[in-house]
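S.K.: Using the hints, put the two chains back together into the complex; each one sits in its own frame.
These are the residues of each chain, in order.
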Amino acid sequence: MSKSEILDRIKRNKPQPSTLPVVPDFATSPDNLDQLFAGALRASKGYCFSLDSIEDPEVWLKRQFPGTRNIASAVKDFPGNVAFEEINKPSDLRMIDVAITHAQLGVAENGTVWVDEKAAVVRILPFITQHLVVVLKKQDIVENMHLAYQQISLSDTGFGVFIGGPSKTADIEQSLVVGAQGARSHTVLLSG
Amino acid sequence: MKQTDTVKVDHARKARDFIADKERTDWHNGAITYLREKRDLGVGGVPEWEDLRNLASQIKTNVLGNLDDYLEEFEKNALANGVKVHWASDGDEHNRIVHDILKRYDTKMVVKSKSMLTEECHLNQYLESNNIEVVDTDLGERIIQMRHEGPSHIVAPAIHIRKEEVGQLFHEQLNTDEGAADPQYLTEAARQHLRQKFLEADVALTGVNFAIAETGGVVVCTNEGNADMGVHMVPCQIHSMGIEKIIPRAGDLGVFTRLLARSATGQPITIYTSHHQKPKPGGEMHIIIVDNGRSAHLGRDDFYTALKCIRCGACMNSCPVYRRSGGYSYGHTVPGPIGSILTPGFNLKKFKELPFASTLCGACSDVCPVKINIHEQLYKWRQVVGEKGELEKSKAMPLHWAGKILSSHKKYQIVGRLARKALRFLPGAITSNRFNPWSRQRELPKPPRQSFGEWYKQQNK
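As you go down the protein sequences, you meet chains E and G in turn.
So the first sequence is numbered by the numbering used here: it starts at 30 and just counts up by one.
So the second sequence is numbered by the numbering used here: it starts at 183 and just counts up by one.
Chain G on its own, in the form it takes in the complex (with noise of 0.2 Å):
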């Protein structure tokens, strides 16, 4: 990730911009709320839910203490099930990579299957950038891509976009019925026009769900078909991995593919649950293994375990925050609760305020199915804002007050009768106005005549 970039990402401000349509932004927490409702059903159906829980965070755990060992088991197995396997420490490396072997088929088209990696890397716009096309296989993907977005949910890329948009956008571009918007109706065109793509494509790429150490093959999940679909129509075939994606053994895929689709979305598993070990007979087999920031956010001990993260999205579907803000308020590939303590790590400057995008009210660590502590570790990321300097003024100014007044029980005491005079006083164009941006949606509450103090020592008298 480019240290470079460090305009900051307002995250307030693009929450703000999404509010402002009032029916759409309570469309949009109505859908991401049904993903949560599923993800509820679905895990009430297995009474061994927190033993799988407690289980995928120690294997993941157990990864993340010993990784380097596991990435070197996982290539050599790999490599002796006639895999290349190729190494890149950031994003433009894993470009440079995927570029190098399209030019050895010298093909113009890539067809890919979801990836939050390559969208992270901005894989898309160095192949385009090269003359190359990339088509975008899983049907929420190929809508965004279509409309020149990037994902704003992990696993339902264009749940932010409605039908009657999908509509007229396949219309423009696939020569769908004017105003059809029937999604039966627009899946099957994307349908036509994918396969289409599968047949005319050279190589395929996928990201990958779990990378076995034990027997060096790939997992790849989808509903949808389409990262099989390219993968096998073509003779070369690429899979990118973040150094994260290492299980130890076959037989924790028990635990992680029980676990990932009920949280995502309440199905028992995906519908597809691929393996990929060997190159087909004749074709190629690349795995791309990609750090891009991920070592040096191991040693931090306070946030390395969101490392553990396997991208079920719960998480934000769980945020009261996300679901009123969008997935573009985060400025990031991955955005809600869990992109709001990785990406700090990657870039302070830029992504300092998404800590803040919370209200700590833990939704998202009772969901976890890797039980990541995340509303502890955005609370700790607001002190590393603070230590650093990075806090902005409008958060700075009221907090050094209040930890100069909370420390001193004098000093409470003092402004406490100041302010319960004040406020009856005041008119509101003073109490609520820019300088409070508390008061923005609120009004201040009306403030009793005595604290509880006072009220106290009048009793015991």
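Only chain E is shown next, with the shape it has when bound in the complex (with noise of 0.2 Å):
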């Protein structure tokens, strides 16, 4: 059995125990944490608007995005036209162009949302769509991400992720290409 012999040698070997640190939240506070947001996402070539500035959802996605066929989305103010009852397996998604999900949660130090499996619907969809939008609210934003994991729960959801930005990659002498194998862009929309 691995498990025993594993388990038997770090006994034997392991260090002296030591006290488990009790970590601080480092919370500053400051009152513009969805300008800090904003920031940290842009910074990460993520776009930011406010949902305020747009009128016409159909009419955005449109513009936003032209010769968009395909659009899933799981936020009810924004007209999707794929029906997630009809999809039997992740791959159905790969024609998938455009996603909206909502957002549980962002975070100001660097510009990332948090969203479960709940909020997208199906695990791979904030990844397989060509392009994310993400709906967050002003108020869901916290300061770092020691406060982030004062928010969620991970034991009440099977699958949940940070993103900060597109897919990207500097792979090929560290040139900085977007749109590696995930979105090839990603934008939140700040709400109230």
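Think of the hints as simulated: they come from the structure by calculation, not from any bench.
Treat the hints with care, since some could be wrong.
To be verified - Covered, in the sense of this in silico footprint (three residues per stretch, anywhere, with C-beta under 8 Å from a C-beta of chain G), are these stretches of chain E:
id, stretch
1, 35–49
2, 118–127
3, 161–175
4, 182–192
5, 198–207
6, 210–220
What the hints assert, rightly or not - A few chain E positions that, by computed beta-carbon distances, are all more than 12 Å from chain G:
id, residue
7, Ser-58
8, Phe-78
9, Glu-87
10, Pro-108
Note that CB positions come from ideal geometry on N, CA and C, so glycine has one too.
M.R.: Printed below as a string of structure tokens:
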């Protein structure tokens, strides 16, 4: 049994136990969390707009993503034309051009949004879509990752992800290229 | 790790081959230095940076002191989440476990995201010898896989390759235009190629950045989204982790996610920080917990803290030797300063030269986000190599005589006087020859006419 062998070796060899530190939240509570969030997101090549600035979501989508055919939307104000009930397997979503989801949380220090499997509807949606749009309430932005992990409960979800911008790579001579294997663009719409 | 492989990695020789191309050496040095500079910029924006390093170090020290308990807690919670948990003593057992899972899916292909552990276990070679195709899906990993090479850097595996070489490679294997070397164009070609592979796969495998004892889940960090494209597309996902990847609490991720990407590339966080807790509806999720020499390393008082490493690469980006000798000169998946203190524990005969591939400048320890005393361990490994009688003659002989001379005031004075005289008259052919490797790139200094001691005495006459 490898398990008992490994655990026995660890028991024999492990160093003296030490105390686990208490991690403070390092909060400074700035009053411009939405601006900090937008700044961090833009630095990671993401877009950030106010939801209020969008009068007609359908027109906005057409203008923002010209030539779009397939839209999967989990946000009721944004009309999609793909019915989630008809999705039987993840690969059925491979033709999605734009996906629109909610996010439960945003983090000001790095511009990420927390999207769990409930918000994403199908786990692969935020990744397989060509373009991702996420709707986030301004009051759901926290200052840093410590506060973020206080807000979310990992045990209550099967999958969740912090997304900080469009898929990118710098693997070829460190040239930054947006649109590696995941979404080519990442837009957060701030509401409230 | 196989102890039978005792062919010494000759770092100095490989480094000499690397620097023979001066232009390329300068380019490589510049590329790695650029990563370090971005790290410094990213770190500068976090006033509590040193507090975070201290916390990370304390958390990891606590983990290592209670590792068996945390692993059992992790397994219990993962099982409760519906995850299948496997334990592997070494790389071979890990590879067999993966193979058994693949056999059940009757599949001939697996998509894999970046995992230094599977590189260490030589999983690709094992599966390929069993007629299973492994598709590495991280762009850099895919490039080196196409070239039949291993990674030369743990974060940027293809950092040693020029874009023109990638262009030629993709032209031959992915049908891109001949001579095309624009990274944007080449990345798009890889995107199309890899999206097809994701659709064809039944099983996806990833490494693990953090495994949370309290929740039984694993965290995988990528910028490309390739791990998620693989894992969420297929019915069966496998996550391979070393035993040291454990962290106690979900809240500890606040510390580590803030440190990891900033230390690696200067980004505030990776684009995707994915938390896999339970299998997808109707799917299967496996976690393989791998030892492969780690539990033995845990028992080495002077060296066990190397297991705190979170694989950010900051130490190699800061290392003047790594930057000018390249990742391959270390002969192991994890190169650079951290590789040089981990590998001698796995196989001293093979990796005994690596602790000497350092100037002991300490830049590695200064940037390490979990505060491993890397340069001190490099120094201590040198003692071990000497005590075990594994020193090369070219090092052992001069050290033996230096020890004799430096430990005796009288001998030191006599030899000093002789050397000052001799060096003035002996021709360079005798002082700088093949028996003196120190003189290969250096001129001997002009010897002073008298020692400080002699001068001091003169002043007080």
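S.K.: State for each hint whether it applies.
M.R.: Quick rundown of the hints versus the structure:
no., hint, result
1, 35–49, "holds (count 14)"
2, 118–127, "holds (count 3)"
3, 161–175, "holds (count 3)"
4, 182–192, "holds (count 9)"
5, 198–207, "holds (count 8)"
6, 210–220, "holds (count 3)"
7, Ser-58, "14 Å, holds"
8, Phe-78, "20 Å, holds"
9, Glu-87, "28 Å, holds"
10, Pro-108, "25 Å, holds"
In the structure shown, no violation is registered for any of the earlier numbered hints.
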